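> Protein chains in written order, with my numbering: chain A, 142 to 255; chain B, 2 to 114.
Just so you know, the hints here were simulated from the structure itself, not pulled from any lab data.
Predicted, not measured: the structure shown is a model, and the values here were computed from it.
There could be a bad hint or two in this list.
Straight-line Cα separation of at most 35 Å, DSBU-like style, residue types lysine-lysine; simulated pairs [as the list claims (entries may be wrong)]:
#1 Lys-181/A <-> Lys-113/B
#2 Lys-177/A <-> Lys-113/B
#3 Lys-159/A <-> Lys-101/B
#4 Lys-113/B <-> Lys-159/A
#5 Lys-101/B <-> Lys-163/A
#6 Lys-43/B <-> Lys-69/B
#7 Lys-113/B <-> Lys-182/A
#8 Lys-182/A <-> Lys-69/B
#9 Lys-113/B <-> Lys-193/A
Label-pair ranges, simulated between beta-carbon atoms [unchecked claim]:
#10 Glu-194/A <-> Gln-52/B: 42 to 48 Å
#11 Ala-239/A <-> Ser-60/B: 35 to 41 Å
#12 Pro-15/B <-> Arg-150/A: 29 to 35 Å
#13 Gln-52/B <-> His-214/A: 40 to 46 Å
#14 Gly-61/B <-> Ser-179/A: 27 to 33 Å
For glycine and all other residues, C-beta sits at the position ideal for the given N, C-alpha and C.
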Amino acid sequence: ETGVTQTPRHLVMGMTNKKSLKCEQHLGHNAMYWYKQSAKKPLELMFVYNFKEQTENNSVPSRFSPECPNSSHLFLHLHTLQPEDSALYLCASSQDWASNQPQHFGDGTRLSIL
Amino acid sequence: KQEVTQIPAALSVPEGENLVLNCSFTDSAIYNLQWFRQDPGKGLTSLLLIQSSQREQTSGRLNASLDKSSGRSTLYIAASQPGDSATYLCAATAYNQGGKLIFGQGTELSVKP
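With these hints in hand, go ahead and build the complete structure from the sequences.
Laid out in structure tokens, this is it:
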């Protein structure tokens, strides 16, 4: 059973829609992450929040907008997406943004852009 | 720039076989090396984490080794079972980049009954 919960599990949206992905962790962690997993490509880190402050933005297009209102919740707001944005979006958390801390992953949101 | 490669991309073995999955990385200045398992439609489950000062880690039928000088890590699975069928991912954490994980593309393992 994962301590990181992502909703929705599946999302289909048109290119002009606005939607949000939600991630919630009940592990008492202070760092939260968004990753993108495309077919046949390695996982790509998108954003990192450490103690609610954004510490990493891995050159992600502005049509993806993260929000971290508290240490337990992380959102990814989506707007005017492109077909190539179709992917599995994974959320993870860890004790903090430190190199020796294991990350715990949610089951992801499968996003399809029409 | 750190790059992580996993070979083979896919592997099919009969039940009961011992097997080795390979992971290589280009920059030996890593903090640690992690192995994850991903089942279809699911997230990642951490299997083993090897710190840079360690040579190997063991958990049940799994043994992971790390050789920083050669830029290689292996995941050994003993007496494979159909329930081991999944995609196995390795990820390296580089120095001075916080907790940033650099992932390989994964090895898709199928264990046939």
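> Hint check: Lys-113/B vs Lys-182/A, CA-CA at most 35 Å. Holds or violated?
Distance of about 26 Å is within 35 Å: holds.
> For the pair Glu-194/A and Gln-52/B, does the Cβ-Cβ distance stay inside 42 to 48 Å?
Since Glu-194/A and Gln-52/B have Cβ atoms about 27 Å apart, the given range 42 to 48 Å is violated.
> Below or equal to 35 Å on CA atoms is what counts here, so check Lys-113/B against Lys-193/A.
Answer violated: Lys-113/B to Lys-193/A is near 45 Å, above 35 Å.
> Going straight from one Cα to the other, do Lys-101/B and Lys-163/A come out at no more than 35 Å?
Satisfied, since the Cα-Cα distance of roughly 21 Å is no more than 35 Å.
> Against the 35 Å threshold, does the CA-CA distance of Lys-159/A and Lys-101/B hold or violate the hint?
Holds: Lys-159/A and Lys-101/B sit about 29 Å apart, inside 35 Å.
> Falls inside 40 to 46 Å, the C-beta gap from Gln-52/B to His-214/A?
31 Å, violated
> Is the Cα-Cα distance between Lys-43/B and Lys-69/B 35 Å or less?
30 Å, holds
> Do Pro-15/B and Arg-150/A keep their Cβ atoms within the hinted range of 29 to 35 Å?
34 Å, holds
> Are the Cα positions of Lys-177/A and Lys-113/B separated by 35 Å at most?
Status holds; Cα separation ~30 Å.
> With respect to the beta-carbon atoms only, verify the hint that Ala-239/A and Ser-60/B lie 35 to 41 Å apart.
Hint violated: Cβ distance 22 Å, outside 35 to 41 Å.
> Is the Cα-Cα distance between Lys-113/B and Lys-159/A 35 Å or less?
Violated - the C-alpha atoms of Lys-159/A and Lys-113/B are around 44 Å apart, more than 35 Å.
> Given the hint that Lys-181/A pairs with Lys-113/B, does the C-alpha gap stay at or below 35 Å?
23 Å, holds
Checked against the numbered hints listed earlier, the structure breaks hints 4, 9, 10, 11, 13; every other hint is satisfied.
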